[in-house]
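Trainee: These are the residues of each chain, in order.
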Amino acid sequence: MTHRPVLLAPTAAVGADLDAWLQNGGAEGLRHALAAPERIIPALAHAGLRGMGGAGFPTHRKWSSVAGQSAGDKYVLCNGNEDEPGTFKDRHLLSASPHQVIEGALIAAVAVDANHVLLYVNPHQHEALKSTRSAIEQWRASGLLAPIERRLGLRLALDVVESSGRYIGGEETAVIATIEGGFPFPRRKPPYPAESGVHGRPTLINNVETLANVTHILRHGADWYRALGIGGACGTKLYSLSGDVLEPGLFELPMGTSLRELVFTHGGGMLGPLAFKAVFTGGPSNTLLTADDLDVALDFDAVAQRGSRLGTGAMIVISAGTSIVRKVAEYVDFFAAGSCGQCTPCKTGTYQLSRLLRRIDTGVGVQADLRALESLCALLPGSGRCGLVDGAVTVVRSSMQQFREEYEHQLIG
Amino acid sequence: MTGIDHRLALERLLASDHAAPNPIDDIEALLKAHHPDYREGSLVSLAVGANRGSECPTALAASLQSNARIEDADLAGAPVVDTEVLIIGGGGAGCAAALTAAEAGGRVILATKLRIGDSNTVMAEGGIQAAVGEDDSIQRHFEDTLRAGHGCADRRLVACLASSAPDSIRWLIDRGMRFDLAEGGAIGGKLLRKKPGGATRARILSFKDYTGLEMMRVLREAVELDERIRLWNRCPLVELLSDEAGHCVGAVLYDLALHRFVLVRASCVILATGGVGRLHLNDFPTSNHYGATADGLVLAYRIGAALRELDSFQYHPTGIAWPSFRLGGLISEAARSAGAHLLNGLGERFVDELAARDVVSAAILRECAEGRGIEREGMVGVFLDIPELERRQPGTLAQRLISLGHLARQCGIDPSREPMMVRPTLHYQNGGVVIDENGTTSVPGLYCTGELSGGIHGRNRMMGNALQEIITFGRRAGLHAARSASRHPAPKVGLFHLQGWRRQLVAAGMPLDRFGPDLFPRYANFDFGDELALRGGKRTTYAPKRARRVE
Amino acid sequence: MQTSQVRITVNGCVIDTEPTRSILEAMIDAGETLIDGVGCMGQGVCGSCRVLVRRQGESEVLSALACETRACEGLQVAFLDHLPMHRHHVYAMDDWNGDSWRILERINATFPEAQHCRHCGGCDSACPKHLQVHKGVMLAAAGDLSAAECFDECIMCDLCTIACPELISPNHLGLYVRRLSTAIGFRPADLVLRLHQIERGEMVIDQDVASTQP
Ligand SMILES: Cc1cc2nc3c(=O)[nH]c(=O)nc-3n(C[C@H](O)[C@H](O)[C@H](O)COP(=O)(O)OP(=O)(O)OC[C@H]3O[C@@H](n4cnc5c(N)ncnc54)[C@H](O)[C@@H]3O)c2cc1C
Ligand SMILES: Cc1cc2nc3c(=O)[nH]c(=O)nc-3n(C[C@H](O)[C@H](O)[C@H](O)COP(=O)(O)O)c2cc1C
Ligand code: SF4
Ligand code: SF4
Ligand code: SF4
Ligand code: FES
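Going down the list, the sequences are from chains A, B and C.
Quick note on the numbering used here: the first sequence kicks off at 1 and runs consecutively.
Quick note on the numbering used here: the second sequence kicks off at 1 and runs consecutively.
Quick note on the numbering used here: the third sequence kicks off at 1 and runs consecutively.
Chain A extracted, bound-state conformation (with noise of 0.2 Å):
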């Protein structure tokens, strides 16, 4: 099947060159969108937009929860602080075609009535916070940030703030935390960010690729939009394709593509003799996909229905040659060096599923262990500020559900 690209499109890639931007369209979605403030978020309604952050939330909600806030000062931010594995989507928007981005950014400020707007990027990704810098000081310099200022009567602050370069910074409270200068440390919720977010104000937080449809949707409409899907699902996806298939990369593809196109399609199929064996999908919660949902389509709902989650898109391919208790068990210590250390069953929950699995993985667990992390699993979801406690348990969690046999195989008794 053939499909334009979009986010990745070469009139996008123009790297912070502005004008280039604007020659190819560049600021017709933010002139749609000033033309009729009050229709933004009805169009992203109708257009099916949903947060690529990784928990998939309708976008349209959100925005509307943070216009009908009172007058006064509104933050947007744009979340482009990506460190978890496997993923790799914001940090080429951010280099390769930044514009889009800001300009969905700007989309959003208008239609909340937001007088900042910060892109947020991770610094150890240089290029991606070059290139933004440089965008954003033509985008100031240019002159179209004025009719927003009018219609806010207020000054507009566009600016770039580095995150921590921590995977929790990532986590919208956190996000809001660094912002006011303090750790990233999430914050308990409610009260949520577009009630109280930076410095107590309302606050919209968005992805880097979320805020980038935004633009597109603006400049070429909802139904357009829509149609770019597959089967009931809207617009494109970025995969972040790795592991153990040929070509590995970034790939759009309409939402709702099927596993199989991706992986021996786009991917080139399987890395040497051995069988696909299952996908990890991305995001702040891994899932596991085994090679019966070869066949599912890469929507949000579809992938949720099979009791997994779509994630941010990033798809991290493994063969039979991998074992899975011993993937997970990185995956769990990735979080465990994550955890930001406020909450103490997130570290030390996390301390415990590494020990477990770690000792299946190594051939001295029994039939208790098994049970003992089960239990955890149980126990630990909810208890922590943020979602990453539970971001840990779900990759375990599935892993347990799918690949029970092989737990039961590594223990001894």
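The reader is advised that the hints may include incorrect statements.
[Claimed, not checked] Covered stretches of chain C (chain A as the covering partner; in silico rule of three or more C-beta atoms under 8 Å from a C-beta of chain A):
| no. | region |
| --- | --- |
| 1 | 56-68 |
| 2 | 115-122 |
| 3 | 158-167 |
Keep in mind the hints are simulated off the structure, nothing from the lab.
As the structure is a computational prediction, the values presented were derived from the model and not from experiment.
Cβ atoms here follow ideal geometry from the backbone N, Cα and C, with glycine treated the same way.
Assemble the complex: chain A is given as a structure, and chains B and C with the ligands must be docked to it using the hints.
Mentor: Using the frame of chain A, we list chains B and C with the ligands on its own:
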């Protein structure tokens, strides 16, 4: 055992006039009827081993005369590790031995059943004796100890203990252990000294009311950071290894984490496995830690070592009787010395609280046995009435009974308002393996140190001498072993002593299906057979399924 | 005697017990094997029985000592392994013996992570003895040796070490300060004198005295 309902008993307590108890006419009869050490049939004569003919409590005798848990066949495929000095037991004695042996250049393995530090040592609250006071002398320490032990102790050992005690304190300070000061600063001040029962001078040095904790955390850290010591947690000793001459040449350990046996060939084996409380002799609750199951004592005896004062144990009259999770925990004598009364469920005092320990214990047991005890949540005991003491002598709690306050709060009790419930508890093993000043035993290659060794306390231990013993003799054993160890393992290493042992058991008509050492209390529900079956091992030996509930 | 039964889960085993029993007792009562995660069995000093607990209907999960925690309806319990022994803070007892003006430097060199405390409070909330762990770390990192006192009652359960995202090992830092300050700076006069007397042979024991008979 049942008693008077706790609420009813509290009402009676409030109404009580605390009249002086009736004197006990026939102490002998009281002890015979109610004290386990005097009760008919509570002691039996050993039928096998070096102490054949000596008396010892029935439950201990069963362990001492048990059959080995393993056969040669169980060891097939087990890894073999060589070392010069193998130390068994991660309490204070084992750690002191390990550190000293390593400092003396020995190659050392320290193996312990639970984790290093999970021991009686960490639980000690009161303190450690050393004659440092101006009014005190090592001679006094020597004499007080001998006298308290009813003159039964080994004088050489006691002299060694008393004269080394100040240096042991220095050794501990050098490793970072703190002690409380009575006056002055850290440099040039004077140590806080408390007077142990039966002593002529104040001689107990302490750190708050967790001296053992402070000692243990320092020693554990020192061991863990010492690269020369290989530390194996969760590796209980299951049997000693012997050569054809019956010398001790190593040990069989079971690695509970990896679920397999490990054979260690060692030129010197130092046992420091501590006490016996968790055998619950005569069904007593105990103050001891979970691993105090006489393993070292049993295995030393099996390989031929002689024991002494095997029938002498310290029961403490006031162990906690409620709540159950602190059952057996110690309430120090300080409460009674300060004047606290003991009352039964009728609100009556029934014994002179300052009478000999044996008598107080027996009297409490009599009240409980005869239905005058107090029952709370299934636990039975008598009241130790601190609130009344506090009313009589305001401020006693805050000034004299600080650790009791902690303990009460741990039990969820406000000690100034509610009485504690107490009953006797099994506390300490006075005797043990016969040793000399260097911890060597009658079996070449085998050393013993700490609570499992005997001779220092005679028939009664003074408070604070156990902690002193483990440092003084732990160090001496470690040093001697490191100096006498050979670099080369014995050529023939096996279970040679077991044949002879089993022949003795058969000849004496003892059962061959009572296996030992226990390793864990009976209510741990540990089945060694199940454990071996994990790796597909044949069940050559197994322990029968055990009782479920701690009574 | 009639007590109400409660149902708890320990490491996935469902156990019916009474609300008067500690978690460890409940396991024993139920016939579960208990050979790990237990030491002093109630005194709360050995630090081996560390668990995570979650009460019914609550989202909070706390760390606790199983020997001190009583059963209650719906309690979920997960035992925690003790830390493996890879210790990254290694020192010798003479660490401070060089130039004692440079103690702060030594603390920083031996426990460098302490400088990076992020003040998350994880150590404080993990500590089953409710010690001021974070304060102790702050003091130690500033060279204030009164840090030692924050750890007076520390049972070395390592829960704070597991909890600390900066890998500071607060309890080991505390113990390091305690140990080294004692080793170089604790010299009670009475002990010094007695050692002196014994070393010079001024105090010896006569083993043959009669007064030792009872
Ligand atoms: C509650 C309490 C309070 C006390 N208070 C005081 C006091 O104030 N002053 C005082 O002087 N004394 C006191 N004592 C006594 C004193 O603490 C002990 O006698 C002393 O600490 C014993 O030290 P140890 O090293 O010989 O044995 P422990 O400290 O008990 O150590 C023995 C070690 O060996 C291990 N072990 C056991 N079996 C095996 C096996 N098969 N294989 C491997 N390892 C094994 C155990 O798990 C343990 O780690 C008290 C005791 C208790 C229980
Ligand atoms: C531990 C954790 C890490 C996260 N990291 C990121 C991240 O790096 N980038 C991101 O966009 N969202 C991340 N999220 C999700 C954000 O909290 C938030 O949901 C998202 O930025 C909202 O954008 P969206 O609605 O456009 O997806 C993370 C969430 C959690 C729980
Ligand atoms: S769940 Fe983990 S990462 Fe999230 S706030 Fe709590 S400790 Fe921090
Ligand atoms: S300070 Fe740390 S090691 Fe000490 S008791 Fe508290 S949590 Fe445990
Ligand atoms: S857990 Fe570590 S980083 Fe957090 S406050 Fe405590 S010492 Fe600091
Ligand atoms: S068993 Fe020792 S602290 Fe709980």
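Trainee: Are there three or more residues in the region 158-167 of chain C whose C-beta lies closer than 8 Å to some C-beta of chain A?
Mentor: As far as the region 158-167 of chain C goes, the hint holds, because 6 residues have Cβ atoms under 8 Å from chain A.
Trainee: Please check whether the region 115-122 of chain C has three or more residues whose CB lies within less than 8 Å of a CB on chain A.
Mentor: Held - the region 115-122 of chain C has 5 residues with a Cβ nearer than 8 Å to chain A, which meets the minimum of three.
Trainee: Quick one: see if chain A covers the region 56-68 of chain C, three-plus residues with Cβ-Cβ under 8 Å.
Mentor: holds (count 5)
The structure shown violates none of the earlier numbered hints.
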